[in-house]
Structures are given as C-alpha cells and as structure tokens.
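Asks: Protein chains in written order, with this note's numbering: chain F, 2 to 318; chain S, 2 to 318.
Just so you know, these hints were derived from the structure itself, not from any lab. Please note that the accuracy of each hint is not assured.
Identical chains share a label here; the pair holds if one copy fits it or two copies do between them.
[Stated by the list, open to error] Subject to a maximum C-alpha distance of 25 Å in a straight line, what follows is the list of computed SDA-like cross-link-like pairs (lysine to any residue):
#1 K40 - R115
#2 K228 - A248
#3 K207 - G173
#4 K228 - A36
There are 2 protein chains.
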Amino acid sequence: MSSKDLTLIDRIKSGDAAAVARVISKVEDCAPDSADLMKNVYQLSRDGLVIGITGAPGAGKSSLVDKLALFYRERGDRVGIVAVDPSSPFSGGAILGDRIRMQTLGLDQGVFIRSMATRGNLGGLARATVDAVAILDAAGYARIIVETVGVGQDEVEIVKAADVSVVVLVPGMGDDIQAIKAGIMEIGDIFVINKADRDGVYATEKELESLLSLASRGDGWDPPIVKTVAIESRGIEDLAAAIDRFAEAQRGSTLSGTRRRAIARWRIVELLRERLLANAVGSPESSATLDRLADEVATRRRDPYSAVDEIIQGLGQ
Amino acid sequence: MSSKDLTLIDRIKSGDAAAVARVISKVEDCAPDSADLMKNVYQLSRDGLVIGITGAPGAGKSSLVDKLALFYRERGDRVGIVAVDPSSPFSGGAILGDRIRMQTLGLDQGVFIRSMATRGNLGGLARATVDAVAILDAAGYARIIVETVGVGQDEVEIVKAADVSVVVLVPGMGDDIQAIKAGIMEIGDIFVINKADRDGVYATEKELESLLSLASRGDGWDPPIVKTVAIESRGIEDLAAAIDRFAEAQRGSTLSGTRRRAIARWRIVELLRERLLANAVGSPESSATLDRLADEVATRRRDPYSAVDEIIQGLGQ
C-alpha cells in the first residue's frame, strides 16, 4: 500500500467528501488499488444506518429521499445518498438526476450525493454500490440512503443489503397484478404510500394490508404503512420514526444476525463473480478471443456453450 | 450423449411441448446434461422471430402480450411466451401470473407459456431465458415473445437480446423524470402507449417524441409509437405490423450484424460468469467455506475483499 493510499484513507476517516468521491470512483472503475483501499475502508466501519428505498418508476422515490435527507440534516446527521441507476449507461440519466438534485441538497456540505451506473457489460454495479455505502459509513455519514430505480433483481438485492428496506408505492398501482408483486412486498420492512393526496389511497392501503397479512416474516415485525406527500414534505417525520423503530427492533435480534450473514454471503459472491470474470476475459488477449467467439456465435458457426468451453479450457493452461 | 437425450432433442425438433418444457427445466436447474442438450438445440436453430417486450410495472404488458399472441395464432403461427419475473423466487408471483393466463391462452396447443424465475443467488436468469428462447426456436415456434417485468439491468439485457424490442408506456408516466428514462428509450425499436383510452395520451406521446428525437440510433430506423388498449384488443394489429416492418428492415443490414455480435458476446459472458462461479463455489466443500467466510464478514472479523482472496487462492491449489 502506497503512502498516497494511506492519505486517502486518512482523509476518508476524517470525513473528507472529495476523498469519498475519489475512492467511490476507484471502486466503480475497478482501479488496481481499489481492493487494497476497500480492505482499509472496512477496517473503519462505523455504525451508519443504511436505508434502502425502492419502488416502481414514477413513485416519487427521489423526492422522498431528498425530503428524508433534509429531515435528517435538520436533526444534525450527515447524510449520504447513493442512487442506483442501472439504465443510465446508455445515456447518462443518472447525471441528469444528480444535477436536478444538486439544486436542493447539493450545496449542503453535510450531504453527499452519488449516482451509480453500470460500467460496461462485466457487471459489478451491486458490488460497487455496497462498496460506496461502506465508504460513506467509514467517512462517518450517520444515515446512508440507497435509492434504486426499478425493480430488477440486482436492485432487489441491493435494497435487501440495507439495514432497513423501504418500499414506495403510489395510489392506483393495484390496477395490475404485476404492479404490487408479492416478491417486492417481502423485501419491505416499511411501506410508504407516496402521493397520498391522490385518489385511491384507501384502496391501495387495503390491498397492501391484505398482501402483507399473507406474508410471514418470522421475526415478529409487522411492517408499518406510512402515508406521505413527499413534494409537500408531509409524512416524512412518520417515515423517519418508523425507520428508527425498525432499526431499534433489529438491534441484537437473532434474525438480524441471520440477515447479516445472508447479506455477507451475497456480497462475497458478487465480488467473486466479478473477479473470476475479470481473470477470464479481462486481458487484451482474452478479450480478443471473446470477440472472435462472439463473431462465431453470431453467425451460428458455434453455440455459446462450446464457446464457453473453449474459454474455460484456455484458463487451465 | 445418451439415447435418452437424443430422444428429447428429436422430440423438440418435432415441436413436442412436453419436451420443450422438460429441457427448459433442465437449463433452469443447470442439470448435468443441460450443456450437451443446449449444444444440440443450437444445431436446430430455425428463424423464429424473437420479440422482447418491457416496460414499467402496471403498464399492462401481460395483456398486451396475450393479445399479440392471440393475433399471431389467428394468423396461424405457433407462439412461445417466456415471462421473466425476477421477483418471484420470494413467493411464486410468476406462478400466479401463469395460472391467470392459462385461462385465456393455455388450452391452445399452439401457444407455449413459461415463466422464468431466479433460482438461488448464483444468478443465471438471463442465460436461462435466452436458452429457453433457443429451445422454442428449435421447436419451430415462429413467434417467441419475451416479456420482462421491471426495468432492471438483467431485464434490459434480455430485451436487447431480442430481434425486436418493444417498450410499453402508459399515459401519465411523464410525471416523473424517472418514469421515462432515456436509457429505456434507447433500447426500444418500437414504443407502445398502452391504456390509450386514458387521459394524458397526447402529452405522453409528445414527451416520447421529443425524447426520441434526441436519441440517435445510427441505423436509419425511426422508432414508431403505437397506441393500444390491450384489454379491448385495440391497436394490436398495428403493433404486429410495426414489428414485421422492423424485422424486415433489419434483415441483412450491416447494423443488424453488429447487434447480433453484441448479443452473442453478452450471452457468452453470462454463461461464462455462471460456469466460473459454479466451479468456484458449487461443490459442498467450497459452499461450506463460503458459509464460514460469510459468517466472518457478517461479524466484521473479515472484509469481503479478503474473503474473496481466500476463495480465489483456494482455486489455484
């Protein structure tokens, strides 16, 4: 480890936002020194509370996250926000989101905002996101909010890796069986019905209650439903109180240990997956082999299974 | 390859739905003979048109897919439907969806419906989905519709792997910057505004047009916007015509070759990722190591990076 890296780690320890941004970029880019940096970051683990917030597009997650962050700031907590945006590599959607947010929160030194987007097709978004959370925790952010766009598998895992998972719904989503998926239900420790000044709140709440009554969590926690109108800052205090209540209930419970082990297992697997793939196709030579095989598969001269056999045989040599 | 496998492959070649279902289950479960079966399936590639359909939850994708399938059936085509449902492992949401669908389509011998859900945390959903598509193609289904719930990264890739990608929106989604993501825009070859009898169709159409005018595809195709009311079967014929037009435009174009190579590369990488991970932690012994390391990471006696170092060092021995 170089003295430059030690300096970066010292700066993170002291809560330096520029150093936090720099190290997050390094883990996103898989910089050569990122693994060593992260080993040091994990030594600095503090007890920041990680809050995962998910829900369908259009549910108003960003507004809710911004208002919750403002609430925590007023209470004196430093707040980190990590917005996961898997679709942005195509066009920089994350950047647009950031710029709009910067107008309300960005000038506050006690708030750190970062959007995470996919880089290339080798994956690693989920791993980079949990690393970014660990970096913010090491830098002393007391509340770290992870916001995910969409309801894909990666995003579900990212939200499950939080200490508290919040699922955001809006009135009227119950129109469609797909809208309120039992799967999404089961990851929520707390449910928010946002835009609760709209028609259909009562129906959505009843539907949600009946879905929740079917699910069994096994930890004795009965997920509360909080109604908010984020753009008018209504219900934010109730949400913060529900989050604190859940965090308190989890502290020291046996199930919380089980949950932490499942999260740790997932994190190791994600990182392992990425490292193995980088070993297999990360070099210029192996990347050329991959291009040739892709060409053969595209023109149907070969099937994907035989192509993978060839790559794996090459690794053994 | 055993004679039993040969029989299965022969049955697929003859279009036997039970054999199709059996082989899809094998590739989902990574059965020992699944790689050999798939190598044979790829030999049977025909020219089924693969149509990917995505959009936010609640957009009415299932109804749209069902109506499009009925339309193709009336034209005499056999239709395969693969519904990707990443959230269902938690609770079987996919099965619920299937049962509802079976009431309308399931009694028709010319329609094959299958939901694909995640199995465990070792991934492989995207790979299993494209394999299922290849199996349906080998069995002579002329139209294969892949429907994805949600807008996560895996789902985007699955839809991009189709011959034609359809993005489904509903009026009023433009409320939120997150709702219409430029990233989702760029994967669409065709856009559908479903529930087009609702208020706000004109505004959504204008917003969509202006977003599309910013995107540059480079292949000269101008993605059409088709308005539908799926539950009343309105606009389905227009959608089918747009799909045929795009498929025709792509035939033999150079960009279509580039697209096929990118898809092939992604498929190889997905399969490789899964195989490497199975090699690393698929045995009972390595799974026990993973459990121990997860426990150490959960209790902060170790960081995930050092845990992965230990697993990778173990592989070298």
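Asks: If a hint holds in the structure, say so; if it does not, say that too.
Replies: Tested hints:
1. Proximity of K40 and R115 under a CA criterion of 25 Å is satisfied intra-copy only: 21 Å inside one chain copy versus 44 Å between copies.
2. Proximity of K228 to A248 under the C-alpha cut-off of 25 Å is restricted to the intra-copy arrangement: shortest distance 19 Å within a copy versus 47 Å between copies.
3. In this homomeric assembly, K207 and G173 come within 25 Å of each other (Cα to Cα) both inside a single copy, at 12 Å, and across copies, at 24 Å.
4. With identical chains, the CA atoms of K228 and A36 are never at most 25 Å apart, being 42 Å at best within one copy and 50 Å at best between copies.
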